[in-house]
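Participant: This is what each chain is made of:
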Amino acid sequence: MNTIISVKNLSKSYQQVKAVDRIDLTIEQGEFFGFVGPNGAGKTSTIRMLTGIIPPDQGEILMDGFTIDERKEIARIIGVVPESRGFYDWMTAFEYLQFFSTIYGIKKFLQPENIQWLLDQVGLLNRQAHKIGTYSRGMKQRLGLARALINNPRILFLDEPTLGLDPQGQEDIQNLLIEFNRKGVTIFLSSHLLPEVSDLCSRIAIIDKGKLIIQGSMDELRQKTNLKSTYYLKIKGDLKEIEDQDLGNQIIEIKRYSDIIEFLYEGDIKNVNSLIDRLRFKRIQILEFHSKSDNLTNIFLNLTSRQ
Amino acid sequence: MVTYLWLKEIRAQVYTWKGTLWLVITSLLFSFTSYLLLTDKELSLLDQTELLWLLSKVIISVAFLIVAIDSSSIINSEFEKETAESLFLSPISIKDFVFGKLLASLTLWFAIFMVATPYIVVTSLGTHLALPFLGYVLFLGTVGISGTVILFFGVSFLYRSAKNTLTTSLIVLLAFSVPALFSSALKNNGLAQMFGRINPLENIFACLDNVLVDYRLSLSENWRYLWPLFIFCVAAFVFLIFSLNKFQKQGVVKSV
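If you're matching them up, the sequences are chains G and C in order. Residue 307 is where the first sequence ends in the numbering used here, and the numbering goes up by one at each step. Residue 256 is where the second sequence ends in the numbering used here, and the numbering goes up by one at each step.
Worth flagging that the hints you see were computed from the coordinates, not collected in a lab. It cannot be assumed that every hint is accurate.
Stated by the list, open to error - Straight-line alpha carbon distances no greater than 20 Å define the calculated PhoX-like cross-link-like pairs of lysine-lysine that follow:
1. C:Lys-18 to G:Lys-131
2. G:Lys-234 to G:Lys-255
3. G:Lys-18 to G:Lys-211
4. G:Lys-72 to C:Lys-163
5. G:Lys-108 to C:Lys-8
6. G:Lys-18 to C:Lys-163
Model the full assembly from the supplied sequences, consistent with the hints where possible.
Facilitator: In structure tokens:
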């Protein structure tokens, strides 16, 4: 794998506020990289510096071998869905994409087919002749993604791409991103939807107060944070059965509602499996079971609240 | 690249009716002025060349005002409507952006000039001044308006707010036009004379007076009014470079 984005010691301040504080990032070609952090953590500033919209105060950025001073060259290999969602409302979706196609130097005879394919991919083909001013927020979001893909980019930066979309729209966009990633497009995704990030991304970085706290795959994040696994179990039966399993010291919370018992269990997944087997053997009805701790939300909350 | 941006602006003017509305207003103003000049008892006593000079002042003033209002928003609308970020994420340079916008503003001036042309031709009948009138209005208007637009673009990049830029632009235009209201005694005051020499609007009016009333048609005879105009354009350009440097240091988006 080749490194496609390399960031060293990147910093940005707005007056006295340090928005991004000496962050280092390395992203490999074809990677689906997640970038998460609380509001005001420095995600958008980082993306804007990487895409050449704002200059960094210090640090080095290398994008597929180009330095940030080579803005025009970088613009040709990247596609961006920025945080700001400005559109020319008086244009139709087709005209809008045609305008950007022309700017990217796409030949006139190739434009209609390419634009219609993209509009079809984002589900706007039947609205291509309508003025953007008549579009809903979700439709504008889809159009923004189509614009970001117009130059067939090698790297795609997405700042909250599914914000304002209905669940179907979110799934459509996620599937489209997966498809482009399979074709080799490197994706840099910033999102507040942590399940979306953990589902899609092969590697994730968490930023807080401008500093990069942690980065790695989900497994690496779990290992690095050393979070104990917690499981939620809801059963119908007698608590005594549970206590008999010699698990008392591993149960961290119990709630009882007549014959329904909810509890949080902290321990190894093997022990949980063994517990479930034994409960089934004793014909205790398991109403609900899921992991509570080893997801990105828990890692995120644990790390950002500790800061 | 410049052409695409210029065409986009022209289409925006047409699609949003902004540009077309300006031309209708311009046409009405010129009709009203020409009608007054030709029918008003007192005005009709004036020498025809004096009438031509008055009409040229109206054309230039209206054009300056309309182009100033338009150029105050043409750049800032990209920032205020948040379209600038998408635009600068594509491979366009700041130079392309500024030239595209400058061409669009000048196109509005040329459209105003086209509207003014029949009024100039009709009011000049019998004086043999139609061609010099058209030529000098076009030349002086293009130079003066280019400088003014460049100056207001500089202000736009500093403020990034259409409202603040428009307020500043109107104050600057007011400062340019106030000396016209001065009495002759006040105009001979040292400070007023100095301001008059560097004031682009004052120089354009004086040059047109020299051409239309005093019949001094050659460029050499009008050079003393032309060089301050060029100096003004250069100064406006230097100011724009300063603003652009500041803009590039801050980035397309000021803060998050």
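Participant: Does each hint fit the structure? Answer for all of them.
Facilitator: Hints and how they fare:
1. C:Lys-18 to G:Lys-131: 17 Å, holds
2. G:Lys-234 to G:Lys-255: 9 Å, holds
3. G:Lys-18 to G:Lys-211: Between Lys-18 of chain G and Lys-211 of chain G the Cα gap is close to 9 Å, so the pair holds against 20 Å.
4. G:Lys-72 to C:Lys-163: 31 Å, violated
5. G:Lys-108 to C:Lys-8: This hinted pair holds, its Cα atoms lying about 16 Å apart.
6. G:Lys-18 to C:Lys-163: 30 Å, violated
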